[in-house]
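S.K.: For reference, the chains in residue letters:
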Amino acid sequence: MIRRAAFAVVAIALVMAACSSNEPPPPPPPPTQTTTQPPVTDTSAEDARRAAEEAARAAEAERTRLRTVIEEVVLFDYDASRIRTDAEAALQRKVPILRSNPGVRLRISGHADERGSVEYNLALGLRRANSVRDYLVNFGIDASRITTETFGEDRPVDSGTTEAAYQRNRRAEFTITSGGENLVSPGG
Amino acid sequence: MTLKTTTYGPTRVTTGLIMAAAVIVAPPAPAQAQQRDTAQIPPGVELETRYSVSGRRAVAVRPFAGPIPLAGAIGQISGIVTQDLSLSDRYQMFPVPADLQTPGPVDYQAWNSLNLEFLVTGDITPTADGFLVDVVVHDVVFGREHRRGTYALPATGAPDFRMAVHAVSDEIVQWISNQPGMAATRIAFTRYNEDQTYDLLIVDSDGENLRRILGGASQLQSPVWSPDGRRIAYTVSEPDGWKLIERNLVTGRNTTVATGSELFLTPAYSPDGTKLAYSVWLPGGLEIMEADLAGDGSPRRVTDSGGDNMAPTYSSDGRRLAFLSTRTGQNHIYMANTDGSGARQLTPPGRNVEFHGPDWSPTSNRVVFHGSARGPYQIMISDADRPTLQVRQLTTTGWNEDPSWAPDGRHVVYSGAGAQTDGLYVIDTVTGTIRLLARGAKLRTADWSWSMAGSALSTR
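One line per chain: the protein sequences are A and B, in this order. If you're matching positions, the first sequence starts at 1 in my numbering and goes up one per residue. If you're matching positions, the second sequence starts at 1 in my numbering and goes up one per residue.
Chain A extracted, bound-state conformation:
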């Protein structure tokens, strides 16, 4: 039950991350000859143009996918900063992208549900953010690329008081602070 809710949240977060990226739009594809040359009716040139547009779209979609993977939140158990199995899977998806994009810098923010105390939850949020940072560092990501911060219980994504809402709020969020403009795929 909880697990399924968690996945639903991740899915929502993915969509939201994709939609709410505040990265400036990518540069338009390089101008093709059609803009500087008289109209050409050669079908092979038209195909090339379409192929280039398609490739640009695919590349942009891939950059968005990579960004979404990096920004995917990870969730925590109550009053815990241990990396769960589902969180580990999410982090393992990030590691190769971070390795192949050494210019990317990350800010990890830790959050808590409203139970505890305001001050205790600030410590818990920091503990969670640092726990995620330490995990990434263990897998070869340079610690100098990562900063952590805590918001405690003060920035819930769900203001409800059900366990499902609390689960959504017990999380670490990832923000690319620099180097996210031209993400490359781990294989490429």
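Quick caveat, the hints were computed from the structure, so don't treat them as lab data. Some hints here could point you the wrong way.
As the list claims (entries may be wrong) - Computed Cβ-Cβ distance ranges for the label pairs, DEER-style:
#, chain 1, residue 1, chain 2, residue 2, range
1, A, D77, B, Q420, 28 to 38 angstroms
2, B, D240, A, V137, 19 to 29 angstroms
3, A, R65, B, T274, 51 to 61 angstroms
4, A, S144, B, D317, 45 to 55 angstroms
5, A, T162, B, R351, 15 to 25 angstroms
As the list claims (entries may be wrong) - If you want a taste of the chain A side facing chain B, the calculated C-beta under 7 angstroms gives, among others:
#, residue
6, S117
7, A123
8, D158
A virtual CB, placed ideally from N, CA and C, is assigned to each residue, including glycine.
Fit chain B to the known structure of chain A by using the hints.
M.R.: Structure of chain B alone, referenced to chain A:
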């Protein structure tokens, strides 16, 4: 002096709430407790009387006397004193019959027939910059003056006018009950705003003079009063990191006490004001340090236990600390010497229980905190002399957090939500009386000042 045959003592008993409350899961009943008849009590649950019968002395305040042109000020002063005595929750306040409101010599026989115990009268005379108030507490039962004092008050428009009157009220409480009052005090707290900023606010203990000290901070936590009431310590996160700040309210100047960690939280002054204990994030978690404000300010490590150690609070003699620790994996309140030695768990063990936000009484060995099994939280008290054995639960409805003792060792302020109006509440731990102090969502981590009567009161 005429001695009457009336027996001296509480003549009137008002009944407070008497309730048996199931407290949180307690350890296996100790041998002593097993001798009781526990047949009706579920195993592992300790029952305890929450509020005891209280004898409250019957008191009246006769409207203070003075020159007619001062009638407005005189009415204010009488009104503040009357309300303060009422808010002290120590007295049954008697309305004054019309025929006894006239100034002049006190007709003890007439007052005694009302079954009154103490009568407060006052005479006010103007001075160059305010008033002199000559206040008398009469022992109606014995038909004589009990105590008398003369105090200077600033003009009604002066910023410290109400606090000076509150100081007189606390003198009256001391005379009648031989206990410290709490009228001349303030409460500091934070507000978390809709725009995700934090304010630092203060308010008088009667709910008046709500003021914003700092506003719009990106992070501001854990305000606490210095014993002299002139400074507030708190923590902030600024672009260059978290800091522990001490702000002088008189000069408005900030001093950075500690910086250079990922997180600072929960400072607490020692009762003599020379030390500031606080929690700081070290590799691995929060640990408690103690800064020497009188010396070179260099901090001394108090805890070194792993997990988080935070929210230190000094015992009234300044020799011990209570604090929150997760050293065993659960959130419990501990006590230790101020060097960290002799640590001992205060709160009772139990499955899924957790405790937060301790505050040590300024007048006793009682520690107030909030806790439960994973919320909603309630305000509770444990006795430092009987660790892990019992918990007294003060509140039952809503979600209540971050209690702080008044200097009278009797009242507690806390954040309450979910039951009625969200805001700061004051509970009288003796009678269970609860009043709303400040209304608003996300009013948090309130800290009740020490008495400010010393600086507010000038005796003539």
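S.K.: Decide, hint by hint, whether the structure agrees.
M.R.: Status of the hints after comparison with the structure:
Range check, D77/A to Q420/B: about 33 angstroms between beta-carbon atoms, so the 28 to 38 angstroms window is met. Distance hint check for D240/B and V137/A: the Cβ-Cβ separation is about 23 angstroms, which falls inside the suggested range of 19 to 29 angstroms. Judged by the Cβ atoms, the range 51 to 61 angstroms given for R65/A and T274/B holds: they are separated by roughly 59 angstroms. In this structure the hint that S144/A and D317/B lie 45 to 55 angstroms apart at CB holds, the actual value being about 48 angstroms.
One distance hint, 15 to 25 angstroms for the beta-carbon pair T162/A and R351/B, holds here, with the actual separation near 22 angstroms. For S117/A, the interface hint holds, since its Cβ comes within 7 angstroms of a Cβ in chain B; the closest pair sits about 4 angstroms apart. Nearest Cβ of chain B to the Cβ of A123/A: about 5 angstroms, under the 7 angstroms cut. The hint holds. For D158/A, the interface hint is violated, since its Cβ never comes within 7 angstroms of a Cβ in chain B; the closest pair sits about 16 angstroms apart.
The structure shown violates just one earlier hint, number 8.
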